[in-house]
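Respectively, the protein sequence lines represent chains A and B.
Throughout the first sequence, residue numbering follows this note's numbering, covering 273 to 555 in sequence.
Throughout the second sequence, residue numbering follows this note's numbering, covering 273 to 555 in sequence.
FYI, nobody ran anything at the bench for these hints, they're computed from the structure.
All of these numbers come straight from a predicted model, not from anything done at the bench.
Check the hints yourself; a few may be wrong.
Any copy will do: because identical chains look the same in the list, a pair fits if it lies in one copy or spans two.
Calculated lysine-lysine pairs in the DSSO-like style (CA-CA distance at most 27 Å, straight line) [unchecked claim]:
hint, residue 1, residue 2
1, LYS521, LYS295
2, LYS314, LYS356
3, LYS521, LYS489
4, LYS453, LYS356
5, LYS409, LYS297
There are 2 protein chains.
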Amino acid sequence: MMFEKAAVLGVGLIGASLALAMKGKSLVGHVVGHGRSEANLKLARERGIIDSYELDAARACRGADLVVYATPVGAFKQMARSIKGSLKEGAIAIDVGSVKGSLVRDIEGLSPEGAHFVACHPIAGSESSGIDAASGKLFEGRLCIICRTERTDHGAFDRVSGLWRAVGSRIEVMDPFTHDKVFGLVSHLPHVIAYALMNTVADVDPGSLGYAGNGFKDTTRIAASSPAIWRDICALNRGNLLKYLDAFKTNIDDLLTLLRDGDLDGLEAAFERARGLRRGVED
Amino acid sequence: MMFEKAAVLGVGLIGASLALAMKGKSLVGHVVGHGRSEANLKLARERGIIDSYELDAARACRGADLVVYATPVGAFKQMARSIKGSLKEGAIAIDVGSVKGSLVRDIEGLSPEGAHFVACHPIAGSESSGIDAASGKLFEGRLCIICRTERTDHGAFDRVSGLWRAVGSRIEVMDPFTHDKVFGLVSHLPHVIAYALMNTVADVDPGSLGYAGNGFKDTTRIAASSPAIWRDICALNRGNLLKYLDAFKTNIDDLLTLLRDGDLDGLEAAFERARGLRRGVED
Numbered sequence: 273m274m275f276e277k278a279a280v281l282g283v284g285l286i287g288a289s290l291a292l293a294m295k296g297k298s299l300v301g302h303v304v305g306h307g308r309s310e311a312n313l314k315l316a317r318e319r320g321i322i323d324s325y326e327l328d329a330a331r332a333c334r335g336a337d338l339v340v341y342a343t344p345v346g347a348f349k350q351m352a353r354s355i356k357g358s359l360k361e362g363a364i365a366i367d368v369g370s371v372k373g374s375l376v377r378d379i380e381g382l383s384p385e386g387a388h389f390v391a392c393h394p395i396a397g398s399e400s401s402g403i404d405a406a407s408g409k410l411f412e413g414r415l416c417i418i419c420r421t422e423r424t425d426h427g428a429f430d431r432v433s434g435l436w437r438a439v440g441s442r443i444e445v446m447d448p449f450t451h452d453k454v455f456g457l458v459s460h461l462p463h464v465i466a467y468a469l470m471n472t473v474a475d476v477d478p479g480s481l482g483y484a485g486n487g488f489k490d491t492t493r494i495a496a497s498s499p500a501i502w503r504d505i506c507a508l509n510r511g512n513l514l515k516y517l518d519a520f521k522t523n524i525d526d527l528l529t530l531l532r533d534g535d536l537d538g539l540e541a542a543f544e545r546a547r548g549l550r551r552g553v554e555d
Numbered sequence: 273m274m275f276e277k278a279a280v281l282g283v284g285l286i287g288a289s290l291a292l293a294m295k296g297k298s299l300v301g302h303v304v305g306h307g308r309s310e311a312n313l314k315l316a317r318e319r320g321i322i323d324s325y326e327l328d329a330a331r332a333c334r335g336a337d338l339v340v341y342a343t344p345v346g347a348f349k350q351m352a353r354s355i356k357g358s359l360k361e362g363a364i365a366i367d368v369g370s371v372k373g374s375l376v377r378d379i380e381g382l383s384p385e386g387a388h389f390v391a392c393h394p395i396a397g398s399e400s401s402g403i404d405a406a407s408g409k410l411f412e413g414r415l416c417i418i419c420r421t422e423r424t425d426h427g428a429f430d431r432v433s434g435l436w437r438a439v440g441s442r443i444e445v446m447d448p449f450t451h452d453k454v455f456g457l458v459s460h461l462p463h464v465i466a467y468a469l470m471n472t473v474a475d476v477d478p479g480s481l482g483y484a485g486n487g488f489k490d491t492t493r494i495a496a497s498s499p500a501i502w503r504d505i506c507a508l509n510r511g512n513l514l515k516y517l518d519a520f521k522t523n524i525d526d527l528l529t530l531l532r533d534g535d536l537d538g539l540e541a542a543f544e545r546a547r548g549l550r551r552g553v554e555d
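Turn these sequences into a full structure, and let the hints steer you where they fit.
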């Protein structure tokens with residue numbers, strides 16, 4: 273057993289899946305869940321995802337040697353303030369959020385003496401959310417980014433790396449700001465685009481959706497993602513996202529110009545450039 | 273047997289799949305392929321996709337009671353002129369292209385007396401192209417749009433409907449201009465967006481692609497589609513596409529403004545609108 277008691281703050285897709293994975297591999301003795309919805313916590317307990325629950329975050333963390341921030345990222349700082357007084361000596365807190373950057377420093381700053389924070393981002397999310405989609409196998413074969421900083425405790429880093437490996441993930445270490453540049457581009461930007469595409473269909477003719485083929489479905493699948501989670505991610509990675517959206521608009525305008533001018537060779541070359549890059553991505 | 277001899281003009285994903293489907297269900301006696309690449313035609317013959325081939329389109333159509341336009345849509349008009357003199361009395365020509373609109377009237381106008389044209393669009397394409405991806409089951413359970421016009425011959429329409437049903441498709445009849453509005457929105461627009469997203473990644477940091485998760489892969493899958501095919505589709509549905517791209521840019525700008533202003537409630541509401549619509553689409 274790696275941990276005696278884990279407190280999972282936010283029992284949604286990722287929190288519940290991590291709880292299931294840890295329990296399934298006997299990595300933890302007891303999992304206490306915390307969240308705003310008692311109905312959800314009760315259901316999670318009935319399904320064996322958590323062993324008990326607390327509506328008060330500080331109470332959930334009391335005695336825990338592992339704390340998992342698994343709420344939307346916008347709630348992390350307030351959560352860190354709430355639990356600060358109840359973390360025990362040597363407790364390790366991790367998060368599973370999609371934004372790092374200065375948030376890591378903020379949470380580190382809110383960690384009490386003797387407790388450790390290690391920022392994590394398992395690349396295992398999907399358009400699904402909530403415990404219905406949770407699975408103990410969610411992290412198997414997936415990448416987990418760990419953002420090590422100059423404040424990261426070596427022992428805590430090793431234990432957290434071991435945890436992710438034990439649930440089947442590969443580890444990669446990344447600086448928090450590099451993380452946000454990379455995932456802003458390959459994750460946050462596509463989400464905003466997918467949402468905008470669905471809203472365009474809503475504006476123009478939602479009745480056309482009955483004719484959507486696999487291409488449309490693939491392209492817009494992540495527009496079914498949780499608005500609360502993605503609102504927070506976008507807000508916290510705003511700087512990168514605004515820059516990328518501008519670069520994207522430039523590319524849309526380039527294609528618009530080629531199309532308007534009837535420059536079919538130019539259009540084909542632009543599509544070919546995109547295709548060449550996409551073909552290099554393993555599906 | 274529904275047809276004695278079918279000429280498939282363009283032996284790519286759709287043409288080859290239709291040939292395989294027709295042969296598999298004994299709907300046709302002999303399939304002759306035509307295309308620009310003799311190497312591809314030879315390979316198709318070796319694999320039993322076609323029975324023979326002709327490098328000259330008119331020669332391929334001689335004696336055929338079914339002709340299938342399966343090249344990129346931009347080549348249809350020239351092809352219609354080339355084969356006009358060799359279509360036999362009662363021959364039925366169909367196409368499998370993704371754009372209809374005025375092109376249907378153009379091809380109808382180029383059809384000789386006694387031959388019939390029925391415009392078809394099987395919704396069965398993918399990012400794959402070429403005969404390696406061909407399958408006789410490609411049309412099973414899929415929708416096929418038939419664009420009936422005031423010039424469509426009733427007998428030919430019935431035989432073509434029967435052909436698509438025999439290869440497993442559901443039929444829906446649509447006006448050619450309505451077709452282009454609908455598929456401009458749910459197919460052509462997403463392709464342009466996916467290409468633009470890949471080119472944005474190319475501009476900003478292609479190295480980030482190593483971290484792409486399933487969301488990115490889904491969103492950009494169709495950017496691997498054939499540039500020649502999509503160049504033609506975009507050019508021939510330009511009017512609708514320019515309008516939709518403008519509507520899309522407005523939606524991107526709306527999200528940009530909410531993000532820049534830090535209006536998180538507005539951002540969440542915009543995401544929620546998109547999610548509500550996407551959740552109604554069956555995956």
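Hint check:
no. : hint              : verdict
1   : LYS521 <-> LYS295 : neither (46 Å within a copy, 47 Å between copies)
2   : LYS314 <-> LYS356 : within (25 Å within a copy, 72 Å between copies)
3   : LYS521 <-> LYS489 : both (22 Å within a copy, 20 Å between copies)
4   : LYS453 <-> LYS356 : neither (29 Å within a copy, 57 Å between copies)
5   : LYS409 <-> LYS297 : within (10 Å within a copy, 42 Å between copies)
Checked against the numbered hints above, the structure violates hints 1 and 4; every other hint is satisfied.
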